[in-house]
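**Student:** Sequence:
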Amino acid sequence: MRDVIHVKMTNDIGPDIQLTVHCKSKDDDLGTHVIPFKGDYELEVNCLPSNFHTLFIFSYFVWLRAYNPPPYEFSFGTSIWGGTQFLNKFDWLAVFPYFDIYMQSRDSNECDDCFYRIVLTGPCRFNPEYRAYNICFLWN
Numbered sequence: 001m002r003d004v005i006h007v008k009m010t011n012d013i014g015p016d017i018q019l020t021v022h023c024k025s026k027d028d029d030l031g032t033h034v035i036p037f038k039g040d041y042e043l044e045v046n047c048l049p050s051n052f053h054t055l056f057i058f059s060y061f062v063w064l065r066a067y068n069p070p071p072y073e074f075s076f077g078t079s080i081w082g083g084t085q086f087l088n089k090f091d092w093l094a095v096f097p098y099f100d101i102y103m104q105s106r107d108s109n110e111c112d113d114c115f116y117r118i119v120l121t122g123p124c125r126f127n128p129e130y131r132a133y134n135i136c137f138l139w140n
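Taking UniProt numbering, the leading residue of the sequence shown gets 1, the next gets one more, and so forth.
Think of the hints as simulated: they come from the structure by calculation, not from any bench.
Remember, it's a predicted structure, so these values are computed and weren't measured experimentally.
We put the beta carbon where it would ideally sit given N, CA and C, even for glycine.
List time: in silico EDC-like cross-link candidates among lysine to aspartate or glutamate, alpha-carbon distance up to 20 Å: (1) Lys8 to Asp100; (2) Lys8 to Asp113; (3) Lys38 to Asp113; (4) Lys38 to Asp12.
Here are the simulated distance ranges between beta carbons: (5) Arg131 to Asp29: 30 to 38 Å; (6) Asp16 to Asp112: 32 to 40 Å; (7) Gly14 to Ile135: 17 to 25 Å.
Using the sequences and the accompanying hints, generate a full structural model.
**Tutor:** Following this line, the structure appears as structure tokens:
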């Protein structure tokens, strides 16, 4: 695992549908951000050895009609104990699913660049071996 983990989510719900994302952990609230169709929301995980707390990020996503906001990025440190977790709540057209977009226990050995397409059935992570978004998860 390298020092910084990059997580990117792309709204692939449908044309003219925007995705609202709200991310927060037990320690931090990163606020609500809007992703237009085919737009991205990015974050970086700084793996700091001095960071002993467990980070859990909850995000929710909402799909609405589109406008084009600027991209949003943020950074956070992972726990050396392996408990870093980002839960995302997704929201679109009265649908409110959740997903752990980054879980240190699940993802630290799988991806340093964790790229997801957010689709109706759940997030699909990019598989560099096949160069495709074919590692798909169901909503929590």
